[in-house]
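Quick mapping for you: the protein sequence lines, in order, are chains A and B.
For the first sequence, position 115 (counting from the first letter as 1) is numbered 114 according to numbering that gives the first Met the number 0, and the numbering increases by one without interruption.
For the second sequence, position 399 (counting from the first letter as 1) is numbered 398 according to numbering that gives the first Met the number 0, and the numbering increases by one without interruption.
Some hints could be false.
If chains are identical, the list can't say which one is meant, so a pair holds when it fits in one copy or spans any two.
[Said to hold, decoys possible] Derived DSBU-like pairs (lysine-lysine); straight-line CA-CA distance at most 30 Å: (1) K361 x K289; (2) K238 x K219; (3) K136 x K404; (4) K124 x K299; (5) K124 x K350; (6) K307 x K293; (7) K350 x K211; (8) K8 x K299; (9) K273 x K403; (10) K289 x K124; (11) K403 x K219; (12) K124 x K361; (13) K403 x K255; (14) K136 x K293; (15) K265 x K124; (16) K255 x K396; (17) K211 x K299; (18) K8 x K238; (19) K217 x K333; (20) K219 x K289; (21) K299 x K6; (22) K155 x K217; (23) K307 x K361; (24) K63 x K155; (25) K211 x K403; (26) K211 x K8.
Just so you know, the hints here were simulated from the structure itself, not pulled from any lab data.
Listed below are the residues making up each chain.
2 protein chains.
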Amino acid sequence: MLSTAIKEKLIQIVGNQNFQDSKASQLVYSFDATPQFQTLPDAIVSPHNTGEISEIVKICNEYKIPIVPRGSGTNLSAGTTPVEGGIVLLFKHMNQILEIDEENLTITTQPGVITLDLMNRVEAKGLFYPPDPSSMKISQIGGNINENSGGLRGLKYGVTRDYVMGLEIVMPNGDIIRTGGKLAKDVAGYDLTRLFVGSEGTLGIITEATLKLLPMPKAKKTILALYEDLDAAAQTVSKIIANRIIPITLEFLDQKTIQAVEDFAKIGLPTDVKAVLLIEQDGEPETVEKDIEKIAELCKQNHAVEVKIAASEEEADALRTARRSALSALARLKPTTILEDATVPRSEIAKMVSAINQIAEKYDVEICTFGHAGDGNLHPTCLTDVRNEEEIERVEKAFEEIFKKAVELGGTITGEHGVGAMKAPYLHLKLGEAGIAAMYGIKQAFDQNNIMNPGKIFTKSTRKRVVVSES
Amino acid sequence: MLSTAIKEKLIQIVGNQNFQDSKASQLVYSFDATPQFQTLPDAIVSPHNTGEISEIVKICNEYKIPIVPRGSGTNLSAGTTPVEGGIVLLFKHMNQILEIDEENLTITTQPGVITLDLMNRVEAKGLFYPPDPSSMKISQIGGNINENSGGLRGLKYGVTRDYVMGLEIVMPNGDIIRTGGKLAKDVAGYDLTRLFVGSEGTLGIITEATLKLLPMPKAKKTILALYEDLDAAAQTVSKIIANRIIPITLEFLDQKTIQAVEDFAKIGLPTDVKAVLLIEQDGEPETVEKDIEKIAELCKQNHAVEVKIAASEEEADALRTARRSALSALARLKPTTILEDATVPRSEIAKMVSAINQIAEKYDVEICTFGHAGDGNLHPTCLTDVRNEEEIERVEKAFEEIFKKAVELGGTITGEHGVGAMKAPYLHLKLGEAGIAAMYGIKQAFDQNNIMNPGKIFTKSTRKRVVVSES
């Protein structure tokens, strides 16, 4: 609990109405989108600007009070849960787009802007911000940067990291630094910009960002390919790339996911096939036309039982929306849905999907798989019930085996969800102790008092799905 | 000087023929491509593999012996000069391409491979490694990674950093770590991969890299646009981007550079115009055709006095080669050529070029300017004579003013050459003391004994163009 003196100091900075510590507000910010992971903060603070954040950080650093910067809390790794109490920092007053620079093709924004709003604003000018995490309708851009969010367009356009050109950061000692800029090239020292992208709020607080924009592609087309056989779908993915075509999107859904999505979205998806690929290409109209024809041909050559090219943008949009609803659709089926994001090199997709199925069988748990096949980023999703402790134990074991298999295939324990509190016990699988030691060295160098989002990335405790702390 | 005991330990690791400490060999590795910057190493060591490097590093860490990893020494910031003595580490035995993976579109390579050889090897398979530093014919890929090298294609394709997917690194304590992988998405902890790219050998030794490849674009076209007026050329650059066209290359040469290049390359460049833009586009044939037509139109609208589209690939190649020879051409004119790379946002190119000309006049020094206008990365190049101490002092003052101006315009002190020893005294202009402190924190966390390429990035000594140390 915060002392009265500290509470007063914080109120002096942000004003009475921007400091909350009622039980009700503590509960609201005690969890994020991660199932069944709950810990209470001491208070919620909503500063107006970078200067206020710097003052707050200085106080927290002096009194060793944890700070959890939080966007909309859509992350799935318990990355924004206040596991050691302290204050949750909100960006509701720092939600302005500061500039769209059409000459340098950049946007400069505060962290609290909703991702989709940012996309719409740049698209209105014929520009394009590609990273599209599934939560983009509610996620904040600051959260995307802290998590290095991915999305459906990662195959062709990369992830959030590839679009962050410069940052303003409040360091854990309260110092304000600026990294990068509107610069395609900048080698003045270490790349702090990309170090902070994906650092999950553990190294400092991002208070402003300059992002790279692209010209909006002129055309887009969408294909749905249906398969009776998982391997054939995975083969198609490899063949498309081997033919030197990089589609914008190359999504995979297994039968159970298709059934759940169709049940939910009712857009006429076939529910009797074993796998579906949703493929999109964008670019110049002629190129898109050529690529889509070639892709359709490759799907057929690789034993797709049916290939449908979306006839209109409405039809394409319905397919995309259906794909984006996969998690919501699955979440309706059982009380608890655990979505993971083991990722492998693209060539290993078939092996990984069949390993997931074998592991699910071995531990007698229900796992559906969908995800970004083009970039090897799969979302094995377990339908379970957290109240069934015995089953949850089997689920945990199954996921541990899935992570080990992913790393064995040259992959990683998390492609786009982050480590947070949930994946921390598995980090050594990917990095080894020496790799973790190197990262921890950076954490200690920046944040001696461990105030920035403590208990994330480096914690070694075994993961617990139900925690209620009153720290 | 190394003690006999240490010398014997190193010889035991690499063998007699891979340890050199004769005066002659010390002299060979006492400088890099940076003019007039020379310091002697104690020895030159050429290991065969990562294991040997780890053993060498452990000894150096124990006895606090500086290690300077060195590719072909083509850098221009004195980044590979052994300013504190110690050993220079060569990669001549680690010069193999380990794998080209056509399914995942990656190449895995040892650091000692020549950049152009690597490019040719992937192009033979219809693939494309875009970063093309001017020194690519002799530079090593490991050096490119350590320096985050840029090149002419940066505008559309980015820089070396954008292609490094995974690294094997020997840390300053001898630990071997692996970062990233053949993974489009990986958020397992901090982004060590990009932290090491551009860290100039100060954080560890890169012993293997996995790089991203693209499908080879099918077509390419080249335009030369001539201007009587600098501003018109700069305006054209902005207008092309504002028209949502991102060319692969958008190079600028001022009159003095054109004259020197034509004198050197004799390909019939006009020497009576004030500025030239060399513009290239690649992609699908139809798109290239359309873009090039539009670009030619924009050049004319913005007062180009002549616009030539290269009639053949041979003609285009001659133009590219001429541009790449700019430094060599200028270097023939005076005993000393100092090439800098102040970089600004693309929109500020006109202001920066005219500021450079004003500053050159103010200090009565001869500065030619060419560079990558599309990404704001200019190369103001001073033709001088290092034996004329009074002039060199004016040159130094002029460059300091140029760096300050670049930062004032939202730019940086170095776009692609690195900080090394030469730019260290100016780093604070871009980063401020708090930014440098953050970077130095990382350096200290990784390299407590400061053995990795010491005296680079963080040194505060004023720069000296003639140094001969016998440490």
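Identify every previously stated hint that the structure contradicts and give their numbers, smallest first. When the structure is compared with the hints, numbers 1, 3, 8, 11, 12, 14, 15, 18, 19, 21, 23, 24 and 26 turn out to be violated.
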